[in-house]
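Visitor: Once you've looked at the hints, go ahead and assemble the two chains, each given alone in its own frame, into the complex.
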Amino acid sequence: MNAAPADTRAFWWMLLTAAMSTLPHLPYIASWLGGGTVIILAWQAWRIHRRIDAPRWYITTPLAIGAGVAVVITYQTLLGKQAGIALLVVLLSLKLLESRSPRDLRVCIFLAMFLQLGLFLDTESALTAAIAVLSALSAIATLISLSGLRSPQRTLKLAGTMVLQSVPFMLLLFFLFPRIPGPLWGLPEDAFAARTGLSDSMSPGSISELIQSGAVAFRVKFDESPPPRHQLYWRGPVLTNFDGRRWTPVKTGDATAPEYAVAGTPYRYTMTLEAHDKPWLLALDYPGPGVQNARYATDYRLLDSKRIQQRTRYTAESYPESRVGLNESQSTLVVALTLPPERNPRTVELARTLRASHESPEATLNAALSWMRTAGLNYTLRPPTLGLNTADEFLFDTKRGFCEHFASSFVILMRAAGIPARVVTGYQGGELNAYDGHLVVRQSDAHAWSEVWLEGRGWLRVDPTAQSHPARLDDGLAAALGANDAIPLFIRPDMQWLRDLRQRWDFVNNAWNQWVLGYDQARQQDFLSRLGLEKGNWPQLAGVLLGMSALIMLTLLWWAHRTQRESDPLLRQWARFEHKLRRAGVPRLIHEGPDDYARRAGAALVAHRDAIGSIATQYSRLRYGRGTPERHEIQQLKSMIDRLKF
Amino acid sequence: MDLRLFRIRPAEAYPIVLERRRIFVLPTRSGLLFAFTLFAMLLASINYTLSLGYALTFLLAGVGVTSTFHAYRNLLGIEVNGGHGTPAHVSDMVGFEFSLNDKARRDRFAIGVINSEETVVTDLPASSTLHVRLTCRAIRRGPLDAGRIVIETRFPLGLVRAWSVFTPDHTVIVYPAIEREAPNPPRGGEDHDGESSASDGSDDFAGLRGHRNTDSPRQMAWKAIARADTLISKSFTASAGQQLDLRWFDLPDTLDTEARLSRLTRWVVDAAAQAREYTLTLPDQSIGPGHDATHRDRCLTALALFGMSAHS
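First to last, the protein sequences are chains A and B.
Going by my numbering, the first sequence opens with residue 26, and the numbers climb by one from there.
Going by my numbering, the second sequence opens with residue 34, and the numbers climb by one from there.
Keep in mind that the hints are not guaranteed to be accurate.
The calculated SDA-like cross-link candidates involving lysine to any residue, where the alpha carbons are at most 20 Å apart (straight line), are [stated by the list, open to error]:
1. B:136 with A:615
2. A:670 with A:600
3. B:136 with A:204
4. A:331 with B:79
5. A:605 with B:79
6. B:136 with A:585
7. A:331 with A:204
Honestly, the hints are just simulated from the structure, not real lab data.
Looking at chain B on its own, in the form it has when it is part of the complex (with noise of 0.2 Å):
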C-alpha cells in the first residue's frame, strides 16, 4: 500500500517536515471492526424503529471519523532530523538516531518510529526534541542508509493509522568486521615481513609530556593533570619509538579481500586502542601516521570503502 502512494523518491535532506501532503490516513482493523459494529447498530435501529439508537450509532461514527483528524494532527508538523549516528562494525547492532521536534506547540501521544526491523513508540511533549534510536544489524561494510522510515500513530483511538514514510539521506557506515583472533601486527621501523614478531610492550610507559591537541582521552594523565592544574599526555614507548606501520601487502596471501580488511580493522581498533602511532598502508592510498581518534576514524572508514569506487 505504501508503495503505491508513495512514489519511491531519492533520499531526502534533514529536517523533514511532516506536513500535510505526506500523511496517510487509513482504518486500522479495529477500526473496521468498528464500523462493522456501527453497521450492525444501525441495522438495529431501523429494525426496532429505535430513534435514540439512530443517534447513538451517528454518534459514534462520527467519533469514528473525528478520530482520523486527531491522528493527522498527532503527527501533523513533526520535524525529523538526523542525530549522530554511532559507527559499527560488521554484525554489530548499527544506530540510527532521529530527532523529532515538536513545531506545533501540542503534546503528542504514542508516536511510532519504525524501520525495516524494529519500533520505537514514543511520546512528545509539545515544543520539545526527542532522540530516538533505532537499530539494525549491520551486515556488509561500507555506507548503510537508514532506510525508509515510516513515523506512524493509531492515537487516540486506535481505529485509525495515521502515518508518514520518508527516506532520509542518511547514512552510517559500518566498518569491517573485528578479526576475532588476529596475530600481533608487525612491529614497525625497518622490519616489515609480517606477523612473525609477535612482541609486546607496545603500552610500555615512558613518561610524561605536555598535552597536544591530537591526543586521545586514553593518553591523558588523569591523576597528574589533577595535580598539576594544566594538561599532560603520558607517552609511551611504542608511540615514541615504535611506530606500526599496517599494510595491505604484508598481509599473506592465503587471506582474500576481506579477510585482510578484518584483520586490519582489528590492528587499527587496537592500536587506536593503545594509543600507538600507525599508519595504513592499502593499494591505492596510505593514511598516517597518527595515532588519535580522527586518524582512526579515517583509516576505519577507508577499510569499509576499499573497493567501493564510487565513495572512495
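Isolated chain A, as found in the complex (with noise of 0.2 Å):
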C-alpha cells in the first residue's frame, strides 16, 4: 500500500504542519535557512499546486550536503541547541521536498513534532505552547489523510476529537510521570545563552544597564505578610575588589549553616527563581539556616552547588534583625579598606576631613551620609560617562548618577577614611502582585548599596542612594528619577491601568510558571504529597499512573462501543425489537421484511408469537402506512416492545 504516491491532500495538510513547524523558528535561526525554508515551502506549495513530480535525487541531494556545509559553517558544529534545531529545519524542508509515498511524508511528520518542540528551547510561554497545540493538530490531520480521509473538515473534526481525547492522557503524565531533574547529559554551550540577570561584577552601568528590562527576576510568596519596604533587600553578589574602575567580588568560603545567629522576626517566604545562569539563590537579607541544598557564604551570600540554568523553587526564612560579622576575618577586613593608589584624590581628601573631626568610626560615617545627602546628588538613569577618577567625578563634577554611582563612590570614600566597606549587589523591593499575593521582583528592581564594618557592630548596610533619595526606597524607582528622565514605560506610576493590566498578565504568567513550566521535581513531589502519595514511593505512584491510565482506556473503550443513536424514533424502536429477538436466538435474516421476519421469529419462540406478531404488524402500520406516525403510536409500540421478556 506505501508504494503509491500519497494523495495531494495529504500533501497540502503536510506542508500546512511544516510551515507551522519551522516558520516560528524564523526569529531563532539564521536568515539564510529561514529564508531557505520559505523558498522551498514555496516551491513545494507550487509543486503540489501544479502537480509536478518530486525533485530527482540529483537536484536535492547537493541542496542537502549544501545545506549541511552552511549549517556547519554558520554555527561552527553540528551538536548544540542551535545548531540542531537548524540541522532539522533544513532536513524537514528537503525530505518535504523530496516525498512521494505516504511513508515518506510520515517521516516528514515526526520530524515536524520533534522541531515543535524544538521550539520550546527559544521560547515556553503560552504562545509558543498554542503554536505547537496547533501544529500538532496539523500534524495529526496529515497522518489521518494519509490514511485516507478525503474532506478535510471531517479530516480537522476528527484530529481535533482525538486531540481532545488525549488531553485526559496528558494531564496524567504530565503530573505523575516522575520528573527526572535534567540535564541527562553534558548540555552544550549555548543552552542557556542570552539570560538577563546580575553580573559578577559591577563597572559604571552595568546596573543601569539591566534595570531598562521588565524581565521578572524572581516571584516571592511570603507565608504572612512581607516586611516593611525598606527591608527588602535581596542580597546578590558582593563586591570588594576594585581595581579603580571595576568592583569584583573575593573569594569565600562558605558551608551549610550561616555563621551568625539568627535573631529578630523571621519572615518565611518560597522564592521562584528565574534561570540566570548563575550560581546564587537570592534570598532576603540575612537567611537562616535550612535552605534545601544551598551553601551559605562567608559573605552572607546563599549559593547553590551549580548554576541555576532552570527555574528554581526553594523556601527560605530570614531575620532582617540579625546581625552579621561581629567577628570577622583580619583578612576580609585588610581588602575591604583596599583602594587602588594615587585615584580619586579629591575623594580620599573629604575622607581625611571626614575622619580628622571625627571622633569614632559611627562618627565619621555618619557624617559622611550627611555629607552625601548635601551635596546635591542627582539620580538619573542616563548617568556621564565617567573617566578615570569615578568618584571624585561623581561627587564633585557631575552630581549624576545611578545606585551603582552612590554605592562606589560612598565605599571609596569610607575605604579612605579608614572604614572597611564593599558594595553589595542585588536587587530592591519588588511589586506586591494583587491578584495572588506574590511578590514580583524584576530585574528593573536591580540595585546596588554598600556595607560598612563597625567594630562590635559588624557589617552594616547603608544604602546611600536611599539616603540621598528616599524616595527610591519608598515608592520604587520611578518617584526617584528626576523629571527629565525617561522613565522605563512599565514602571511609571502615572499609567495605574497598564500597572493593573500588567499584574493581572502577571498573575497568570506566574500560575503559568509554577504550573506548567515550573512543575520540576520539587513542585511534583509537593502536588504527590498534596493528593496523599508518599514522597519516593515509586511503586505507589506507578500503580496510580496505571490505574489512572486503565481508567483512561476503559472510558475510551466504553466510547468505541458506543453506537450512533438511531435518529429515527421508529427505527429505534424496531432496533430494539430485532436486538430482543437476536438475543432470543432469532436474528434477523437480511432479507426478510417485518412479517416474514414475525413469522418465523414467532414459530421459533412460540409462547410469544401474538406479541411477536401484533409488534411486526404495528410496526408495518406505522412505516408503511398513511401519513407520518403519531407520538403515542410510537410510545405504544415502545411499550409493547418492553413487554416483550425472553
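Guide: Take a look at the structure:
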C-alpha cells in the first residue's frame, strides 16, 4: 500500500504542518536558513498546485549537502541546540521536497513534531504552547488524510476529537510521570545563552543597563505579611575588590549553615527564581539555616552548588534584624580597606577631613552620609560617562549618577576614611501582585548598596542612594528619577491601568510558570504529597499511574463501543425489537421484512408468537401506512416491545 | 503472529460479526517510528527541562493511544456475509464476493479486505452494505475455499493496525479447464462411436415455439417477443432431433482423467451455449438430458467433483 503516491490533500496538509513547525523558528535561526525554508515551502506549494513530480535526487542531494555544510559553517558545530534545530529545519524542508509516498510524508511529520518541541528551547510562553498545539493538530490531520480520509472538514474534526480525547492522558502523565532533573548529558554551551541578570562584577553602567529590562528576576510568596519595604534587600554578589573601575568579588568560603546567629522576626517565604545561569540563590538579608541544598557563603550570600539553569523554587527563612560579621576575619577587613593608589584624590581628601573631625568611625560614617545628602547629587538612569577617577567626578563634578555610582563612591569614601566597606549588588523592593499575593521582583529592581564594618556592630547595610533619595526606597525607582529622565514604560506611576493590566497578566503568567513551566521534581513531590501519595514511593506512584491510565482506556473503550443513536424513533424501536429477538436466538436475516421475520420468530418462540406478530404488524402499519406516525403510536409500540421478555 | 493469536478453527458460517474478542490491535512500523520520535522528544524534554516539551510529548503519546481505539472502533461491529460466487474454470480468476455491512451506524474508512493474493481497500458508509470482490487464480478443479480472510484497518493515523481474521464457510466450485482445441462432440442418437462425425448445423434454426420455463435466455426470440407480447423461444433442429450424448467412455483411451474432464467440459459449455439438449454420462452417473443453465451447472459441478468421493 505504501508504494502508491500519497493523495494531494495529504501533501497540502503536510505543507501546512511543515510551515507551522518551521516558521516560528525563523527569529531564532540563521537568516539564510529561514529564507531557504520559505523558498522551499513556496516551491513545494507550487509543485503540489501544478502537480509536478518531486525533484530527483540529483537536485535534492546537492541541496542537502550544501545546507549541511552551511549549517556547520554558520554554527561551527552540528551539536548543540541552535545547530541541532537548524539541521532539523533543513532535514524537514528537503525531505518534504522529495516526498512522494505516504511513508516519506510520515517521516516528515515526525520531524515536524520534534521541531515543535524544539521551539520550547527558545521560549516557553503560552503563545508558543498554542502554536505547538495547532501544529500538532495539523500533523495529526496530515496522518489522517494519509490514511484515506478525504474531506478536510472531517479530517480536522477527527484530529480535534483525538486531541481532546488524549488530553486526560496528557494531564495524567504530565503531573504523575516521574520528573527526572536534567540534564541527562552535558548540555551544549549555548543552552542558556542570553539570560539577563546580575553579573559578578560591576563597572559603571552595568546595573543601569539591567534596569531597563522588565523581565522578572524572581517571585516571592511570603507565608505571612511581607516585611516593610525598607527591609526588602535581596542579596546578590558582594563586591570587595576594586581596581579603580571594576568591582569584583573576593573568594569566600562557604558552609552548610550561616555563621551568624539569627535574631528578630523571621519571615518565611517561597522563592521562584528565574534561570540566570549563575550559582547564587537570592535571599532576603539574612537567611537563616535550613535552605535545602544551599551553601552559605561567608559574605552572607546563598549559593547553589551549580548554576541556576532552570526556574528554581526554594523556601527560606530570613531574619532582617540579625547582626552579622561581629567576628569578621582580618584578611577580609584588609581587602575591604584597599584602594587603588593615586585615584580619586578629592574623595580621599574629603575622607581625611571627615575622619579628622570625628572621634569614632560611627560618627565619621554619619558625617559622610549627611555630606552626600547635602552635596546635591542627582539620581538618574542616564549618568554621564566618567573617566578614571569615578568617585571624584561623580561627587564633585557631574553629580549625576545611578545607584552604582552612589554605592561605589560611598564605599571609596569609607575606605579612604579607614572604615572597611564593600559594595553589595542585588535587588531592592518588588511589586506585590494584587491578584495572587506574589511579590514580583524584576530586573528593573536591580540595585547596588554598600556595607560598612564597625567594631562591635559588624557589617551594617548603608544605602547611600536611599539616604540621598529616600523616595527610591519607598516608592520605587520611578519616584526617585528626575522629571527629565525617560522612565521605562513598565514602571511609570501615572499609568495605573497599565500597571493593573500588567499585574493581571503577571498573575496568569505566574500561574502558568508555577504549574506548567515550573512543574519540576520538587513541585511534583509537593503535589503528590498533597494528593496523599508518599514521597519517593515509586511502586505506589506507578500503581496510581497505571490505574488512572486504565480508567482512561476503559472510558475510551466504552466510547468505541457506543453506537450512534438511531435518529428515526420508529427505527429505534424496531432495532430494540430485533435486538431482543437476536438475544433470544432468532436474528433477522438480511432479506427478511417485518412480516416474514415475525412469522419465523413466532414459530421459533411459540410462547410469544402473538406479541411478536402484533409488534411486527404495528410496526409495518406505522412504517408503511399513511401519514407520519403519531408520538403516542410510537409510544404504544415501545411499550409493546418493553413487555416482550424472554 | 496471526497464527499464534488465533487458533485455527473450522470454517465459520456467515454472518461473521467482527466483535471485540476477535479484533486485534498492534502498532505498525510507522507506529514504532512514532514511538521512537516520542522517546527522543521525552529525552530532549528531560535534558533541557522543558515542561511544555513534556506536555507536548504526552499529548502526542495520548493521541497514539487514542488512535488504537479509533482503529478498533473502525472495525468493531462490521458484519461480513458471503456474496454470489462466480464459478470459474481452472486457471481462470475466481471471484469471492463478500458483503460488508455496518450495523453500528457509523462511517468507516479505509477498510482493507485481504486474502492470500489480493487486498481491496474501501470505505463503508454508515448503515450501508458494500460488496467486495477478492479474486484468486484457480489452480485445481473442485471446491475452492475462500481461505483465511483478514479484515484490517490502519485508520486513522496509520500508527496501529487493527485486524480480524476469519475462515468463512465459503466455497466456490472450480470447474475443470475448458480444452482449447477440442474436436466436436459426437452426434447424438444411434451413432455413438466417437468424434469422427464432425458435422455442423447444431444451431440450425427450426422455427418458433412457445416459451418453456427451462429455456435459456439465449433461446428467447426477442424480436418476436417484442411483437407478440408473449414469451416465445426459438427452436433449433439440434435441440429437437439431434440430442448430444457426451460420454466419458466414448473418449479415446489416450486421454487421462483430467484431459477427459477438460474435453467434456468443453463440450458441455459449447452445448449449453448453443442451447442444445445433451446428456452427460460419467462412469458413476448420468445427468440429463437437459439444455438449460441449471443442467449445465449440474454437469459442470459433476465434472469438477469427479473422483472426489467426499463431494459426489
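Visitor: Confirm or reject each hint.
Guide: Status of each hint after checking the structure:
{"no.": "1", "hint": "B:136 with A:615", "result": "11 Å, holds"}
{"no.": "2", "hint": "A:670 with A:600", "result": "15 Å, holds"}
{"no.": "3", "hint": "B:136 with A:204", "result": "46 Å, violated"}
{"no.": "4", "hint": "A:331 with B:79", "result": "17 Å, holds"}
{"no.": "5", "hint": "A:605 with B:79", "result": "55 Å, violated"}
{"no.": "6", "hint": "B:136 with A:585", "result": "14 Å, holds"}
{"no.": "7", "hint": "A:331 with A:204", "result": "19 Å, holds"}
Hint compliance for this structure: hints 3 and 5 are not met, and every other hint is.
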